[in-house]
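J.: Start counting at 1 in the sequence shown, then tack on 32, and there's your number in my numbering.
Simulated from the structure, these hints should not be mistaken for lab results.
All figures in this text were calculated on a predicted structure; none of them were measured in a lab.
Please note that a few of the clues may not be correct.
To be verified - Taking lysine-lysine pairs in the DSS-like style, the calculated list, with each CA pair at most 25 Å apart, reads: (1) Lys99 <-> Lys85; (2) Lys46 <-> Lys99; (3) Lys55 <-> Lys99; (4) Lys85 <-> Lys55.
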Amino acid sequence: MTVIPASQMLLMRKRRHLCGLMKEQRWDEVSLIEGELFNEINTAVQDPQRSPKELLAELRSVISVYKELSALCHLYGKQIIQ
């Protein structure tokens, strides 16, 4: 059984929080949490106790969130222009 370090747990929680804010379309908060998520990524990557396999899986999830955020920004940008 793999023990997941606190830094990776914080990264997971921050990613999930960001996903929730995106679903609720709370864009001001999304911009704040996105910066915090970036900091959590750096912390988790530098953690000597990190689990590379688990961290890689979480980073894939983070990338998926960023793809979704990018698509939403593109969609809402088009709506604003119209």
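J.: Confirm or reject each hint.
T.: Status of the hints after comparison with the structure:
no.: 1; hint: Lys99 <-> Lys85; verdict: 21 Å, holds
no.: 2; hint: Lys46 <-> Lys99; verdict: 16 Å, holds
no.: 3; hint: Lys55 <-> Lys99; verdict: 14 Å, holds
no.: 4; hint: Lys85 <-> Lys55; verdict: 28 Å, violated
The structure shown violates just one earlier hint, number 4.
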